[in-house]
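Work the whole structure out from these sequences, hints included.
950 is the number that our numbering gives the last residue of the sequence shown; the numbers go up by one with no jumps.
Treat the hints as calculated values from the structure; they're not laboratory data.
Calculated pairs, DSS-like style, for lysine-lysine (alpha carbon to alpha carbon, straight line, at most 27 Å):
id: 1; residue 1: 937; residue 2: 916
id: 2; residue 1: 810; residue 2: 947
id: 3; residue 1: 872; residue 2: 854
id: 4; residue 1: 851; residue 2: 872
id: 5; residue 1: 947; residue 2: 788
id: 6; residue 1: 934; residue 2: 805
id: 7; residue 1: 947; residue 2: 937
id: 8; residue 1: 851; residue 2: 937
id: 9; residue 1: 872; residue 2: 937
id: 10; residue 1: 854; residue 2: 937
id: 11; residue 1: 805; residue 2: 818
id: 12; residue 1: 916; residue 2: 947
id: 13; residue 1: 854; residue 2: 805
id: 14; residue 1: 788; residue 2: 937
id: 15; residue 1: 793; residue 2: 916
id: 16; residue 1: 947; residue 2: 805
id: 17; residue 1: 947; residue 2: 851
id: 18; residue 1: 818; residue 2: 806
id: 19; residue 1: 872; residue 2: 916
id: 20; residue 1: 788; residue 2: 805
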Amino acid sequence: MKIEFYAFIFFLAWFTVFTDGIPFQVSDILLKQDHTGVQQNSAYKDENYKFTLTYPSGYVLKKASEKSILIRWNKDLESVTRISVAIHNFETYGSTGKLYNFSEFVRKHAKNLYEQNNYSGVVDSIMVKDYLNNNSLSGKEVYVRIVNKARNNSGKEEQTIKGPVYIFDITAKVGIPGIAIAIYQLTDDSKTAKVMRSIVDDLKFEN
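Structure below.
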């Protein structure tokens, strides 16, 4: 019985999820899901889009514009951004005319985030998962695989997984066609990943 248990753990750690023909390592993805021990002590309510964010009291929230919120640790410099929350109008991402194509926007937005933020590689694959938070808000959880342009000594391309990015279609929540909210962090530290996940889990809109 013990042997079967360890065999299952080994299988789970190395099992890969395929998307666009490129394998994503489940063990890499699961590392980003752990958000235990994060206590939410502060809250921000957005009057324009009727949502509430809760976040740890050790963090500072700044409304950079009507559609942009920046969150940082209170010991960071003011110029540092740990977590970004942004409102987007995605109607122009439609395949034809003004088609409100949320799925297309999700993939394009995640790709652009990582290609436009000084990464040395290019996004060659995107994985999109369904996500449901603690308040029954459904959205998408997105990861990207980046292939570095530079090659290592072995001659093989270096590949890394970035994410997650959380994106929600909030058209029905705000009564405006083609509106989405995206929450993401471009740093790689695990503490920020936990805080972001806890913020996303507790995101809620007025009924």
